[in-house]
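We have chain A already, so just place chain B on it with the hints.
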Amino acid sequence: MEDNKITITTPDNKQLEVEVLDIFNVEGYEGKDYIMYSLGEEVDEENEKVYISILKETSPGSFELQGITDDKEWDAVEKALEEELSELDGE
Amino acid sequence: MANDINNSEAQYRYLLENSLNKVTEEIALLELQKDTFLGIIKQNEKRIEKLRVEQTRLKQELENRNSKEITKTGGKAEEVMDTVHTMLSEKQKVSSQKINAYQQLMASASSSRRYRKISRKMYREKRKQLRRAKIIRILDKLQRATIMPKYLLDKIRLKRYASAQGNYNFASQKLAELGQSPNASARKKEKYEQKKQKAQEKLRKLKEKGVTAKVIGANVAAINKEDTKKLRQRITDQKTSEAEKEEKKETPVQQEQTSEEIKQTPAAEPSNITANEEAKQEQDTLVPAEVMPPRDDFITAESLVEESIKAMPLGLPAPEMEGPALGKKAA
Chain A
5 MEDNKITITT
15 PDNKQLEVEV
25 LDIFNVEGYE
35 GKDYIMYSLG
45 EEVDEENEKV
55 YISILKETSP
65 GSFELQGITD
75 DKEWDAVEKA
85 LEEELSELDG
95 E
Chain B
191 MANDINNSEA
201 QYRYLLENSL
211 NKVTEEIALL
221 ELQKDTFLGI
231 IKQNEKRIEK
241 LRVEQTRLKQ
251 ELENRNSKEI
261 TKTGGKAEEV
271 MDTVHTMLSE
281 KQKVSSQKIN
291 AYQQLMASAS
301 SSRRYRKISR
311 KMYREKRKQL
321 RRAKIIRILD
331 KLQRATIMPK
341 YLLDKIRLKR
351 YASAQGNYNF
361 ASQKLAELGQ
371 SPNASARKKE
381 KYEQKKQKAQ
391 EKLRKLKEKG
401 VTAKVIGANV
411 AAINKEDTKK
421 LRQRITDQKT
431 SEAEKEEKKE
441 TPVQQEQTSE
451 EIKQTPAAEP
461 SNITANEEAK
471 QEQDTLVPAE
481 VMPPRDDFIT
491 AESLVEESIK
501 AMPLGLPAPE
511 MEGPALGKKA
521 A
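The listed protein sequences derive, respectively, from chains A and B. The numbering of the first sequence is my numbering, which starts it at 5 and goes up by one. The numbering of the second sequence is my numbering, which starts it at 191 and goes up by one.
Some hints here could point you the wrong way.
[Said to hold, decoys possible] Taking lysine to aspartate or glutamate and the EDC-like style, the derived pairs with C-alpha atoms no more than 16 Å apart in a straight line are: (1) 415/B to 48/A; (2) 397/B to 68/A; (3) 388/B to 427/B; (4) 379/B to 344/B; (5) 379/B to 91/A; (6) 392/B to 87/A; (7) 349/B to 427/B; (8) 415/B to 86/A; (9) 36/A to 79/A.
[Unchecked claim] Stretch-level coverage of chain B by chain A, calculated; a stretch enters the list once three of its residues show a Cβ under 8 Å from a Cβ in chain A: (10) 226 to 232; (11) 284 to 298; (12) 333 to 345.
Everything labelled a hint here was simulated from the structure, so no lab data went into it. C-beta atoms are modelled at their ideal positions from N, C-alpha and C, and glycine is treated no differently.
This is chain A alone, in the form it adopts within the complex:
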């Protein structure tokens, strides 16, 4: 397994290997972790499709990847990602 690859279970109980790009926090939602991962899909020549979920540890050794349904929360996630990416550009 690659260093940043993990296996996730889909709702229909199929195993899927995904590449984790980032696990981060968002200002205002400090108690939550967010995970960004990729299936290697492209949107176009310059852009890659990524998936972002809330990473929640439901019990020791068991995680859930949940969708972000709250608009405010999504705006905050978007902002946090933009800041992260701009920091990366500065490196």
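Showing chain B alone in chain A's frame:
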């Protein structure tokens, strides 16, 4: 034998320890004094900034009044007092002229009788002048007192503004200094490292044996490939450096596999995206996807079936909408 030292050595060590203690105490005291002085300096700097703002505003106010030739401040009461003041001032001028005239006449008086007569007139005029001067002084004080509330109000407003602006100026200066300081890049690097380590720690947890991660929902986004590359580098950076010594041979193979797997992604994906998804990609902002309940038919669009990697046939709960790229926009 280490315990068996001569008295001379013991005394020498005693002296050294004493010196060390004194030096340590003095350092602590000076550090404390330095902190106090720095605190005082900081407060002074803040105060100076506030006063500078106040100074500028007061100057501007005076210049403004001069340039606009403001002749009056206040309402009816002030107007009445201004009229009285003007009248008294005119009378004072007349009195002064009279007194000068009397003095000249006295100088050229032909007789002592005439001299005394003119002198009495001059004395009366001077008394009138003094009374008027007293009234004028009282009037000035009265006007200042009536104007004072307005002036105080303006002064309070100015002070508040000066305080806020001064604080802002002070903070801006400090930020600018920090930005230029050699510590700024170190701080930035530290922040970067902290984020990296945090992500690594979570990833390590996810990769532990027996750990399960179940997908309930996800939001889709499009990110510039350069940025995703940097993210990949960041999250694998630490692990690569740690594992390099142990797994040197395996690492190149793993990297090849990564690049091969990624290349296997069909390039024709965009064309396979349904019209629905294309329309949604045109939207300006990213919006959250609806979380779909688990269901039998997990794949929600034909495109996902076709475009998904052959080795990974599954898609994810279909997002309702997709947005434009984060980070750099495509040319």
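Each hint tested on the structure:
A distance of roughly 10 Å separates the Cα atoms of residue 415/B and residue 48/A; the hinted pair therefore holds under the 16 Å criterion. Straight-line distance between C-alpha atoms of residue 397/B and residue 68/A comes to about 14 Å, which keeps the hinted pair within the 16 Å bound. Between residue 388/B and residue 427/B, the direct Cα distance comes to roughly 13 Å. Compliance with the 16 Å bound is thereby established for this hinted pair. As the CA atoms of residue 379/B and residue 344/B are separated by approximately 48 Å, the hinted pair breaks the 16 Å bound.
Between residue 379/B and residue 91/A the CA atoms are separated by roughly 10 Å; this keeps the pair inside 16 Å, and the hint holds. This hinted pair does not check out: residue 392/B and residue 87/A have alpha carbons roughly 20 Å apart, beyond 16 Å. Proposed proximity of residue 349/B and residue 427/B is contradicted: the alpha carbons are some 53 Å apart, above 16 Å. A threshold of 16 Å between alpha carbons decides the hint, and for residue 415/B with residue 86/A the separation of about 14 Å falls inside it, so the pair holds.
A hinted pair counts as satisfied when its Cα atoms are at most 16 Å apart, and residue 36/A with residue 79/A qualifies at roughly 15 Å. Chain A is given as covering the stretch 226 to 232 of chain B, and this is violated because 0 residues of the stretch bring a CB closer than 8 Å to a CB of that chain, at least three being needed. Requiring three or more residues with a Cβ within less than 8 Å of a Cβ of chain A, the coverage given for the stretch 284 to 298 of chain B is violated, as only 0 such residues are present. With 0 residues having a beta carbon nearer than 8 Å to a beta carbon of chain A, the stretch 333 to 345 of chain B misses the requirement of three or more and the stated coverage is violated.
Checked against the numbered hints above, the structure violates hints 4, 6, 7, 10, 11, 12; every other hint is satisfied.
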